[in-house]
Amino acid sequence: MLTSFITSPLEQFEIVTIFPISLLGLNFSLTNSSLFLLLSLFVIISFLTLSFFKISLIPTLWQLLKESLYEVTSNMVQDNLGKQGEVYFPFIFTLHLLLLTCNLIGMVPYSFTVTSHIAFTFGLSLSIFIGINIIGIQTHGIKFFSLFLPRGVPLIIVPLLVTIEFVSYIIKVFTLSIRLFANMTSGHTLLKIIAGFAWTMLSTGGLLAFFHIIPLGLLIALIGLEFGIAALQAYVFTLLTCIYLNDVLNMH
Amino acid sequence: MPQLDRIIVFTQIFWLFLVFTSLYIILIYFFFPTFLRSLKARNLVIEFNNNENNSVKIDFLLTQTIINTTLNEQVQFMKAVLLKDFALFNNINSFDLRSIDASLLDSIFYTTMYNNEVILRNIYLNSRI
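Top to bottom, those sequences are chains A and B. Its first residue numbered 1, the first sequence is counted upward by one per residue in the working numbering. Its first residue numbered 1, the second sequence is counted upward by one per residue in the working numbering.
Just chain A, with the same shape it has in the complex (with noise of 0.2 angstroms):
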């Protein structure tokens, strides 16, 4: 009975159709994973709406929290992109709030992150990839193309820099999504095998039985460590964005 409770700690990324519907051969369905999207939405909404729902000039706690994070994300767009950035600032603090919610929501046991998946991060990176290079495009024309070449560079390692330079160029797309993804499945497998092992101690009974304290509290520990992984995988995919965003506003 005891081996049945313990699972794959794999199992918790599973997706569930909950409401399926396809269309044009395409499958739209409601999975859990919209479903906590959808939940992290609605709890940006009510949080906003319940933060300023008494709007005072000193303001109350939650207020502030609010306006600690509008704070955070504007002085990051203020210090990477400058006056020109204004423009990208709502995109860019969606971005954070949306990320660090769903990371955050998470952490909540038995609940599904959603960032915990390679198509979520890599659409979304993909996306943004996509929007950056059509930004830098329209602001520089054909001179955009410039940015793999470096000025002032012997012609004879053109060939092998203009590679180099194309490579890491497109290779951000993936490291940004991977990042996010591999620390959220990361974190969250430890986790979970860290309880079982926990748990499979516990049930063996004795002695073993009182040491299961040990795994116990270094798996408290860990779940600290997660929180801060999880707030600081949000500002690290904003912060990346803002910089690839600025590399194609300022060419050198």
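Honestly, the hints are just simulated from the structure, not real lab data. Treat the hints loosely; a few may be bogus.
Okay, the calculated beta carbon distance ranges per label pair [said to hold, decoys possible]: (1) B/Pro33 x A/Leu65: 11 to 21 angstroms; (2) A/Leu24 x B/Thr21: 18 to 28 angstroms; (3) A/Thr49 x B/Leu4: 35 to 45 angstroms.
Partial pick of chain B residues on the chain A-facing surface, computed with a CB cut under 8 angstroms [unchecked claim]: (4) Ile8; (5) Val9; (6) Ile13; (7) Trp15; (8) Leu16; (9) Phe20; (10) Ser22; (11) Tyr24; (12) Leu27; (13) Tyr29; (14) Phe31; (15) Phe35; (16) Ser38; (17) Leu39.
Everything numeric in this text was worked out from a predicted model, so none of it was measured. Idealized CB from N, CA, C, for every residue including glycine.
Assemble chain B onto chain A, guided by the hints.
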């Protein structure tokens, strides 16, 4: 790994775009004005308070300077008035011993000349005259 399943890709991306777009629109239309109103109002209050603070500080400094100048002038005046009578002792370094001797001699001379005991006895220290 369940993440590498191929049939779940489209639904995730579809819901991502749906949720992201709606969140973007809702934030822009409803929440950014609130954010800006709150932050800007607070900044204006801080700016106003700073200006007020600066003007009070300037007023205070001005009053202080005026008081200082007036006080110095008056003290100088008092010093001049007082030192006219005690010009002898106005400088401790150049103590004019000869003039002190002269004034002491003068006073002793006048005392022995004009202060005889009979008169002095008739002056009571606590007299009301």
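Checked hints:
Hint check: B/Pro33 to A/Leu65, Cβ distance near 19 angstroms, so the stated range 11 to 21 angstroms holds. Checked against the hint of 18 to 28 angstroms, the C-beta distance between A/Leu24 and B/Thr21 comes to roughly 20 angstroms, which is consistent with it. The given range of 35 to 45 angstroms is respected by A/Thr49 and B/Leu4, whose C-beta atoms sit roughly 38 angstroms from each other. The beta carbon of B/Ile8 is positioned within 8 angstroms of a beta carbon in chain A (closest approach about 5 angstroms), and the interface hint is therefore held.
Given the 8 angstroms rule on beta carbons, the hint for B/Val9 holds: about 4 angstroms separates it from the nearest Cβ of chain A. For B/Ile13, the interface hint holds, since its Cβ comes within 8 angstroms of a Cβ in chain A; the closest pair sits about 4 angstroms apart. Annotation: interface hint on B/Trp15 holds; nearest CB of chain A at approximately 4 angstroms, less than 8 angstroms. Evaluation of the B/Leu16 hint against chain A yields a held restraint, the C-beta minimum of about 6 angstroms falling below 8 angstroms.
Hint status for B/Phe20: holds, given a least beta-carbon distance of 6 angstroms to chain A, under 8 angstroms. Nearest Cβ of chain A to the Cβ of B/Ser22: about 7 angstroms, under the 8 angstroms cut. The hint holds. The criterion of a C-beta within 8 angstroms of any C-beta in chain A is met by B/Tyr24, whose closest approach is roughly 5 angstroms, and the hint holds. A hinted interface residue such as B/Leu27 counts as satisfied when its beta carbon comes closer than 8 angstroms to some beta carbon of chain A; here the least separation is about 6 angstroms, so the hint holds.
The beta carbon of B/Tyr29 is not positioned within 8 angstroms of any beta carbon in chain A (closest approach about 10 angstroms), and the interface hint is therefore violated. The closest approach between the C-beta of B/Phe31 and any C-beta of chain A is roughly 5 angstroms, which is under the 8 angstroms cut-off, so the hint is satisfied. Checking B/Phe35 against chain A by beta carbon gives a least distance of about 5 angstroms; that is within 8 angstroms, so the hint holds. Taking 8 angstroms as the C-beta contact cut-off toward chain A, the hint placing B/Ser38 at the interface holds, the least distance being around 6 angstroms.
Hint on B/Leu39 holds. Least Cβ distance to chain A is approximately 6 angstroms, under the 8 angstroms limit.
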